[in-house]
Amino acid sequence: MAKQVIDAEVLANHKLNNKYFILLIKPKKKLELIQPGQFLQLTVPNAPEVFLRRPLSIHDVDYENNTISLLIQIVGKGTQKLSLLDKGNVVNIIYPLGKGYSNIEKGQKALLVGGGCGIAPLLYLAKVLKKEGIDEDIIIGFKSKEDIIEYELYNSIAPTFVTTEDGSMGEKGYVTTHSLFSSLNMYNKIYTCGPEVMMKAVAKRAKEAGVECEVSLENTMACGIGACLCCVTPTVNGHQCVCTEGPVFNSKELLW
Amino acid sequence: MVDLSVNIHQLTMKNPVTTASGTFGYGEEFTDFIDLNRLGGFIVKGTTLKHREGNPYPRMAETPAGMLNAVGLQNKGVDYFIENIYPRIKHYDTHIWVNVSGSTVEEYVAIAEKLNDLEKITAIEVNISCPNVKEGGMAFGTTCPGVKAVVSAVRKVYQKTMIVKLSPNVTNIVEMAKTAEDEGADALSLINTLLGMAIDAKTRRPVLSTITGGLSGPAVKPVALRMVWQVSKAVKVPVIGIGGIMTATDAIEFLLAGATAVQVGTANFIDPQATIKIIEGIEQYLIENKFKSVKDIVGALIV
Numbered sequence: 001m002a003k004q005v006i007d008a009e010v011l012a013n014h015k016l017n018n019k020y021f022i023l024l025i026k027p028k029k030k031l032e033l034i035q036p037g038q039f040l041q042l043t044v045p046n047a048p049e050v051f052l053r054r055p056l057s058i059h060d061v062d063y064e065n066n067t068i069s070l071l072i073q074i075v076g077k078g079t080q081k082l083s084l085l086d087k088g089n090v091v092n093i094i095y096p097l098g099k100g101y102s103n104i105e106k107g108q109k110a111l112l113v114g115g116g117c118g119i120a121p122l123l124y125l126a127k128v129l130k131k132e133g134i135d136e137d138i139i140i141g142f143k144s145k146e147d148i149i150e151y152e153l154y155n156s157i158a159p160t161f162v163t164t165e166d167g168s169m170g171e172k173g174y175v176t177t178h179s180l181f182s183s184l185n186m187y188n189k190i191y192t193c194g195p196e197v198m199m200k201a202v203a204k205r206a207k208e209a210g211v212e213c214e215v216s217l218e219n220t221m222a223c224g225i226g227a228c229l230c231c232v233t234p235t236v237n238g239h240q241c242v243c244t245e246g247p248v249f250n251s252k253e254l255l256w
Numbered sequence: 001m002v003d004l005s006v007n008i009h010q011l012t013m014k015n016p017v018t019t020a021s022g023t024f025g026y027g028e029e030f031t032d033f034i035d036l037n038r039l040g041g042f043i044v045k046g047t048t049l050k051h052r053e054g055n056p057y058p059r060m061a062e063t064p065a066g067m068l069n070a071v072g073l074q075n076k077g078v079d080y081f082i083e084n085i086y087p088r089i090k091h092y093d094t095h096i097w098v099n100v101s102g103s104t105v106e107e108y109v110a111i112a113e114k115l116n117d118l119e120k121i122t123a124i125e126v127n128i129s130c131p132n133v134k135e136g137g138m139a140f141g142t143t144c145p146g147v148k149a150v151v152s153a154v155r156k157v158y159q160k161t162m163i164v165k166l167s168p169n170v171t172n173i174v175e176m177a178k179t180a181e182d183e184g185a186d187a188l189s190l191i192n193t194l195l196g197m198a199i200d201a202k203t204r205r206p207v208l209s210t211i212t213g214g215l216s217g218p219a220v221k222p223v224a225l226r227m228v229w230q231v232s233k234a235v236k237v238p239v240i241g242i243g244g245i246m247t248a249t250d251a252i253e254f255l256l257a258g259a260t261a262v263q264v265g266t267a268n269f270i271d272p273q274a275t276i277k278i279i280e281g282i283e284q285y286l287i288e289n290k291f292k293s294v295k296d297i298v299g300a301l302i303v
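Residue numbers (this note's numbering), protein chains in the order written: chain X, 1 to 256; chain B, 1 to 303.
Keep in mind the hints are simulated off the structure, nothing from the lab. A hint or two may mislead.
What the hints assert, rightly or not - Restraint-style ranges between C-beta atoms, simulated for each label pair:
1) T31(B) x G133(X): 23 to 31 Å
2) D7(X) x T31(B): 17 to 25 Å
3) P64(B) x V90(X): 16 to 24 Å
4) M197(B) x L84(X): 26 to 34 Å
5) T247(B) x D7(X): 29 to 37 Å
Think of the CB as a built atom: it goes at the ideal place given N, C-alpha and C, for glycine as much as any other residue.
Generate the whole structure from the sequences, applying the supplied hints.
Okay, structure coming up:
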């Protein structure tokens, strides 16, 4: 799939709560086919102090309307500036980047596990899996009820289960303490994205249960195309770029 | 039509724009975005004798006008390059140069010998200035005896154009440049990254795994311009300017300061089409200012 560098117009900026917002953008050319789990690199307009592009998971893709949506957490000056974008602003994107989640066969069952902003790539994945006739369950974990976003949306695609650390909604605890984790072997593959400590715990449980597990890593990036070698992660094959060999890795490849 | 061609030693480049080592991979990473044949040349990533895993993560820190890196010359070694990469990139109709790095003088020599016979590698860039490796690298480039040791040894075995990449982390860049020239360098490229560091105040820890790293981007441009200006006045061999070139205007400033050609580095990370825009911008500048050749502006600084 050829990568493109292209301008995209901001169609909407929905604030979900004080941490998260959704940026809906429309590239000025017909959308390339995007694999679930792939990402884009985006310039931060009107922010001369933000030097590099920002890598962002692709949250959803609408080929009919030629739009991409990005679920973004405000963590630093770049995402803060992005949260202020208005309809009509233009960003420059490079996409589609990286290797996404791999498919499973029809008739198999998938578990999608997301924590916090890590739920971002799982929406498009869930939609693609559903379209392909894959049976799936989703677990999303947050600190508290106030932090939960898009539960209804995920639940409209597949049965979605919630954990909160304070027990204010769903099961109390972490995603890995959810009761579904006591019967992991009913799944053929686990797809996960979230804080590294969470993904490590998910990968460990998957390994114990003998289930394939794909994790989506986050890393500080410069180029996003494998040229700078800044975003490496140690793997069984040595240091590999998260931007090109990932962001999705089979957990067996990682030195976790 | 203006003439964009320049000469580096015996080589003619179709235009003065090439890429800084470590910022352009093996060129292939950019083929979705640009036609590599349009470049004056491209320089592939730092190549060592043996496979190097590079430094641990984190390797990068953003700064307001640039970035710090601590990659540490991750590469699969010169034999891998010769066997696997060279056959894939040798068809490009532009200069392909290999940046060469070693921990010992003998390693530099061994790599240079291996690259001698590659027809389409028209020059090597001897990197005596990498700040991110413990042995060799910048250690050679910061003393005259160190520069002499590497450059004279490589000169004895390498028959084609030898470019020597200088470190800015020195008190007197001109001394290093003259030493490299005296020992047989055919061209000098400068500057490599400036040694810097970043601290996370929240965690009270350094951001980079190696604590210090190499600063690149617009932040280093004034230092680079100064060094290119000083060195180009002091040596007879051509100088290739590097340091924070993001636009055609930046490149033109380096040419005016005395650089015969330029390397675009960090800009490739932000805009993978930066090199082509810079070539087009230089051409436009020459037309608008009624210069027939890019050579007319090399060293044309009015002081």
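Verification of the supplied hints:
1. One distance hint, 23 to 31 Å for the beta-carbon pair T31(B) and G133(X), is violated here, with the actual separation near 37 Å.
2. The beta-carbon spacing between D7(X) and T31(B), approximately 21 Å, falls within the hinted interval of 17 to 25 Å.
3. A C-beta distance of roughly 23 Å is found between P64(B) and V90(X), which places it inside the suggested range of 16 to 24 Å.
4. Distance hint for M197(B) and L84(X): a CB-CB separation of about 31 Å, consistent with the stated range 26 to 34 Å.
5. Here the CB-CB span from T247(B) to D7(X) is close to 18 Å, at odds with the stated 29 to 37 Å.
Hint compliance for this structure: hints 1, 5 are broken, all remaining hints hold.
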